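Let the sequences and hints guide you as you build the complete structure.
Protein sequence lines correspond, in order, to chains A and B. Position 154 of the first sequence, counting from 1, maps to 154 under our numbering, and the rest follow consecutively. Position 130 of the second sequence, counting from 1, maps to 130 under our numbering, and the rest follow consecutively.
Since the hints were derived computationally from the structure, they do not count as laboratory data. Some hints could be false.
It does not matter which identical chain is used: a pair holds within one copy or between any two.
[Stated by the list, open to error] Derived pair list, reagent style BS3-like, types lysine-lysine, alpha-carbon separation capped at 30 Å:
#1 K231 <-> K284
#2 K255 <-> K234
#3 K94 <-> K139
#4 K163 <-> K94
#5 K167 <-> K35
#6 K284 <-> K238
#7 K167 <-> K100
#8 K163 <-> K100
#9 K35 <-> K139
#10 K244 <-> K100
#11 K100 <-> K273
#12 K35 <-> K163
#13 K139 <-> K100
#14 K234 <-> K284
#15 K307 <-> K139
#16 K43 <-> K139
#17 K238 <-> K301
#18 K307 <-> K43
None of these values were measured; they are calculated from a predicted model.
Next come the chains, spelled out residue by residue.
There are 2 protein chains.
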Amino acid sequence: MDIADRLMTLGHEVDSVMERYLERDAHRDFAPVAKYQIGVGGKRVRSALTLLSCEASGAERSRALLPAAMIELIHNYSLIMDDIIDRGEVRRGKPTVLAKYGETMALLAGMHHREVLDEVVNDCSHPDEMRALLIDAVKKTIEGERLDILFEQSGREGSYFTKHRSKNVSIESYFDMIGKKTATLIRAACLAGALAADAPQILQESLAGYGWKVGLAFQVVDDYLDIFGEKTGKQRGKDIIEHKLGNAVIIFALKALDREARNHLLSILRTEKVSTSLLKSALKLLEGTRARQMTYELAQKLIAEGKRSLENLQESDAKTSLLDLADFVGNRLY
Amino acid sequence: MDIADRLMTLGHEVDSVMERYLERDAHRDFAPVAKYQIGVGGKRVRSALTLLSCEASGAERSRALLPAAMIELIHNYSLIMDDIIDRGEVRRGKPTVLAKYGETMALLAGMHHREVLDEVVNDCSHPDEMRALLIDAVKKTIEGERLDILFEQSGREGSYFTKHRSKNVSIESYFDMIGKKTATLIRAACLAGALAADAPQILQESLAGYGWKVGLAFQVVDDYLDIFGEKTGKQRGKDIIEHKLGNAVIIFALKALDREARNHLLSILRTEKVSTSLLKSALKLLEGTRARQMTYELAQKLIAEGKRSLENLQESDAKTSLLDLADFVGNRLY
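Set out below in structure tokens:
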């Protein structure tokens, strides 16, 4: 089994916990809706990180089962709401909650997740710390989502977007956005595992630092694969079709291109409906710059920093898995 | 000042608290969205009930300020989400969060409310009990909303509704629905005040019982006014236009009507677009039954029971206000 399969097997240990909590107080006609997102799949990277971080801190990983369920439920909560916002119909080849049950039921399922989260936290061994992680993670996810949307150059209606849209995204703003949207929860996943293990401060910080860097790398790699990926099962250039400036490759390219080419790329991102030929032009512009190389190097740098953050940890199988996972993220690039 | 104005003044004491918590961690471009619902108004009945219940239990009402803010934030959270579900554009003459900022921002504002709720609860003097009230209230509100929607006879797309729609609503199912949708939170409002006052069990139960009955009465009166109300500022028969079976008047009428008239009324509720003349026919059918009288008597009975629930409480200005409030709810009927 490669690291992805091992992680997935590990991470799925939380499924029955999630199910049990999601079922509680749910009417029999509502329970399938509430639990549906579990079956939509996902790699369970986040829950696996919590379990591994607990083990790498020297404790039995079973102590982190509830915190791992909490982390995965936060992720699922955000996916359900995200699909409502983005009208997402398919995830991993399956209909989303939105597509399967409609917007009203998806919204109620999302709200139900948030109540369940409080109940899971109540039953954790460090409820106050876990709740602080939960609130921080959801608040940052909300803000990350807001920023990501404001980085879109077209496609949303309403004066809020025309008023607050970012027509220019610096690499710093990009990092701020992906930190909130993606890295905060992955950091929280690792920290929750360390907390569950009663790890000393220094280990908590090491694991949190690892999660933060790997979380950023995750998103950078996602951006890279969106533009250059093959055999990912997703359409190439989806971010361009969705008018997103918030993609590392695009940001690096815009900096590298001359004025004329930059304006051309921006005009494509601002086109209401990006045709296949416009998409091709955009991809060609991106390929003509050093953006690919820069994005690749950025991801590798983040992964190396993440791995280095684990130096304080004693050797263990769990630590090895964490290091392997970081490498695996990097190896998705080619 | 009549009781409504006095309550409103009292209830608005929580506004600055809500504002402070909603602003926390909110980007300056997000804070106005997060706080917008406060300004949409509302009578602040729920927060006033918490403050009065605390006072009626013999404590300073300032002790219930955070619990009262919690209750009002739950209410606002549910309104924001409800407006997304029902495409509600106007409340009390003002644009809803949805209408003002669009669906994406409304959803993010709603999610933000739920995080803020956890932070308010953290700062309450009985966090565990308050959190239990919060979770119970939101879960029941979700289920009440689901039931209310399933009682609609047309107008929602998706197989979930065609599959689970209730074509027949008993008075018991109606009470189950309004208990969850409306009375649970009003009960929680009173109980939160009693908890904040460290009231003995018997007072907690008295106030909770009062809140439950008055909460049910609230909804029954709303149903009555929807059908028979004049000068309410709302369109008469909105529930008919919205295909709702979950209205006390309609349920009583359906029981009282002969088969032909009942089928006619049901067919109107099932008409995709209820025209003015169909609405008139429906109202005429309802007026021809004892449903008006029965709904009136039901509301008065609930109000009397709610008032009786306060018998254990010592006399106080706050108790008098609670009794006045119950009467006020009943006096909206004519």
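Handout entry: Violated constraints from the hint list, given by number and in increasing order
Key = none
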